[in-house]
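As they're listed, the protein sequences go chains A and B. Here the first sequence is numbered in numbering that gives the first Met the number 0, starting from 0 and rising by one per residue. Here the second sequence is numbered in numbering that gives the first Met the number 0, starting from 0 and rising by one per residue.
For the record, the hints were derived by calculation from the structure and aren't laboratory data. Every value quoted in this text rests on a predicted model; they were computed, and no experiment measured them. Heads up, the beta-carbon is just placed ideally off N, CA and C, and yes, glycines get one too. Certain hints may be false.
What the hints assert, rightly or not - Now the in silico label distances, taken between C-beta atoms and shown as ranges: (1) A:Ala169 / B:Ile23: 21 to 27 Å; (2) B:Pro111 / A:Ser23: 32 to 38 Å; (3) A:Ile16 / B:Ser190: 16 to 22 Å; (4) A:Glu27 / B:Ser190: 21 to 27 Å; (5) A:Glu115 / B:Pro89: 42 to 48 Å.
Stated by the list, open to error - As a list, the in silico SDA-like pairs of lysine to any residue whose alpha-carbon atoms are at most 25 Å apart: (6) B:Lys85 / B:Pro111; (7) B:Lys214 / A:Gly14; (8) A:Lys69 / B:Cys257; (9) B:Lys214 / A:Asn8.
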Amino acid sequence: MPPLLNIENLHIAYGAIQALKGVSLTLEEGEIVTVLGANGAGKSTLMEAISGLVPIRKGSITFGGEVLNKKPAYEIVVRGISLSPEGRRVFPTLTVDENLNLGAYTRRSRKREVLEAKERVFTLFPILKERNRQLAGTLSGGEQQMLAIGRALMSSPRILLLDEPSLGLAPILVKQIFDIIREINQQGTSILLVEQNAHKALGVARRGYVLENGTISTAGSSAELKSDPKVQEAYLGGSALKQKHPPVPSPD
Amino acid sequence: MESIKPSGIKSIATSQRAQILIVIGAFMAYPFFASDYFIDIAFFFGIYALLGLSLNIVLGEVGLFDLGHAGFYAIGAYTTAILNTKFGIPILVLLPISALAAALFAYIVCSPVIHLQGDYLLIVTLGMGEIVRLALINNPFDLTGGPNGVFGIDFPSLGGGLFIDSSIEFYYLIWIIVALSILGLIRLQNSRIGRAWNYIREDETAASANGVDVKNYKLLAFVLGAALAGVAGNVYASKLMCVSPESFTFWESCLMFCIVLIGGMGSIPGVLIGAAFISLFPEIFRPFAMYRMLVFGSAMMLMMMFRPGGFWPRKRGAVEFRSILGAPGRDDG
Chain A
0 MPPLLNIENL HIAYGAIQAL KGVSLTLEEG EIVTVLGANG AGKSTLMEAI SGLVPIRKGS
60 ITFGGEVLNK KPAYEIVVRG ISLSPEGRRV FPTLTVDENL NLGAYTRRSR KREVLEAKER
120 VFTLFPILKE RNRQLAGTLS GGEQQMLAIG RALMSSPRIL LLDEPSLGLA PILVKQIFDI
180 IREINQQGTS ILLVEQNAHK ALGVARRGYV LENGTISTAG SSAELKSDPK VQEAYLGGSA
240 LKQKHPPVPS PD
Chain B
0 MESIKPSGIK SIATSQRAQI LIVIGAFMAY PFFASDYFID IAFFFGIYAL LGLSLNIVLG
60 EVGLFDLGHA GFYAIGAYTT AILNTKFGIP ILVLLPISAL AAALFAYIVC SPVIHLQGDY
120 LLIVTLGMGE IVRLALINNP FDLTGGPNGV FGIDFPSLGG GLFIDSSIEF YYLIWIIVAL
180 SILGLIRLQN SRIGRAWNYI REDETAASAN GVDVKNYKLL AFVLGAALAG VAGNVYASKL
240 MCVSPESFTF WESCLMFCIV LIGGMGSIPG VLIGAAFISL FPEIFRPFAM YRMLVFGSAM
300 MLMMMFRPGG FWPRKRGAVE FRSILGAPGR DDG
């Protein structure tokens with residue numbers, strides 16, 4: 000069976016600047032796959048390309064056997080790929096409820112489905128139910144991140160794209176967010192996770208890719224990546240950790 | 000934090016209804032107490048209110064900078080002028096046709112540039128407005144009469160030899176159109192389309208990533224805004240009985256922009272206040288006409304300092320020029 004999401008030789012450029020230079024990756028149904036990389040490696044560009052927010056120069060993105068290259072962003076959401084963008088990007092002047100309603104925008108007036116999706120989001124993030132009538136701008140960073148993920152779930156996607164969900168959050172919140180990511184996955188949503196927090200990301204993901212300067216430099220299962228000396232050096236705190244825990248730095 | 004339940008929703012609604020009725024009553028009664036001169040001023044207040052409402056769709060609801068709105072106004076006015084003088088089509092029949100012409104023009108002109116953002120779009124629309132004006136001056140196909148414009152436009156005929164030809168009648172015509180537009184726009188604000196517009200204004204990427212068809216909703220805003228400006232152009236042309244390019248300068252576009260900013264982006268009562276400010280202020284201070292720009296500029300500056308959201312900002316999702324996060328704790332209940 001072909002993978003749910005198949006990206007082949009993807010090239011993206013902003014003017015003369017090449018952001019992605021031939022990225023290939025796959026996401027199977029039910030998997031969590033993580034993409035690691037430093038600032039400017041092209042991680043967010045990759046997410047935006049899948050969502051149809053940036054034009055594709057070369058290569059292809061196939062989702063469930065259908066090529067998404069030329070599809071506008073709103074049609075990609077309808078097909079079942081939803082992005083929780085980097086930096087949360089919730090609407091500060093709207094209430095939590097209104098923010099969630101935007102996530103269900105593609106469902107038009109199918110009220111029952113919208114209510115069910117909202118119920119699911121509230122089960123995952125009970126705090127959002129408490130804060131339902133509050134303006135999103137008054138939420139804490141962690142709550143805003145939860146809202147961003149919740150909003151992306153409102154379209155009941157088959158693939159959830161998470162762009163740096165741990166960005167700027169306190170460690171305890173990071174743990175909570177990652178627990179929920181695992182739970183969302185267990186409920187049957189495939190997840191592509193972009194992270195700088197390699198420990199946590201490899202902890203939940205089955206497989207991972209390392210993106211460097213617009214190309215995939217390393218790929219493998221989470222265990223392989225964790226033990227890869229180059230990955231350790233660059234993303235897992237390298238030499239300092241090796242002295243303390245000689246073989247493999249254990250996550251969590 | 001518990002959300003604040005709005006207490007006594009009913010009493011608020013009734014007092015609001017009473018206020019609205021008082022305003023409508025005042026508008027209905029006004030011409031019986033005012034001289035023709037002041038009725039005419041109120042007519043132009045209505046024209047500017049309509050223009051403000053039309054730009055408010057583009058600038059206020061979607062946050063698209065459009066400094067060429069006078070171009071759409073001109074298209075509406077000239078469509079009426081030309082079709083009426085050359086073919087004798089009645090003015091009121093031309094009302095929807097002018098709206099359609101302006102809307103079509105907006106669709107054709109804005110389609111290729113709709114992806115531009117912020118100040119880039121501003122420059123393009125500014126250029127568009129100027130091109131329309133210059134084209135009118137150059138008298139293409141001998142239609143627009145060049146710098147002199149088109150003369151001898153009819154008054155709107157109601158049939159049976161009845162014409163809208165006095166100041167009072169024009170006053171009622173424009174304000175009935177404004178009232179109907181407001182009713183339509185309020186419905187639009189609370190609709191799926193209105194919400195999509197506001198999402199785009201607040202964060203285009205997030206809106207797009209959640210399945211809002213950004214490009215087409217932006218285009219729709221331009222088309223509807225232009226159509227309403229075209230309606231204003233139609234009434235304007237028949238009131239003045241002539242149109243000339245100098246009525247549709249860059250300055251007119253600036254005034255419309257100011258109307259929306261003064262009132263508060265996306266706020267319908269705000270637009271009325273802004274239009275009142277723009278149209279009544281110069282009349283009241285006519286003796287100081289030579290200082291008009293000075294006063295006007297200072298007023299804009301003071302407003303940006305003390306009321307950055309406008310005089311009557313929209314309650315929900317009001318856009319302010321300072322960061323919303325700077326003033327937390329607001330709850331729209």
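Inset, instruction - Check each numbered hint from earlier against the structure, then list the numbers of those it violates in ascending order. - result: 1, 3, 4, 5, 6, 8 and 9
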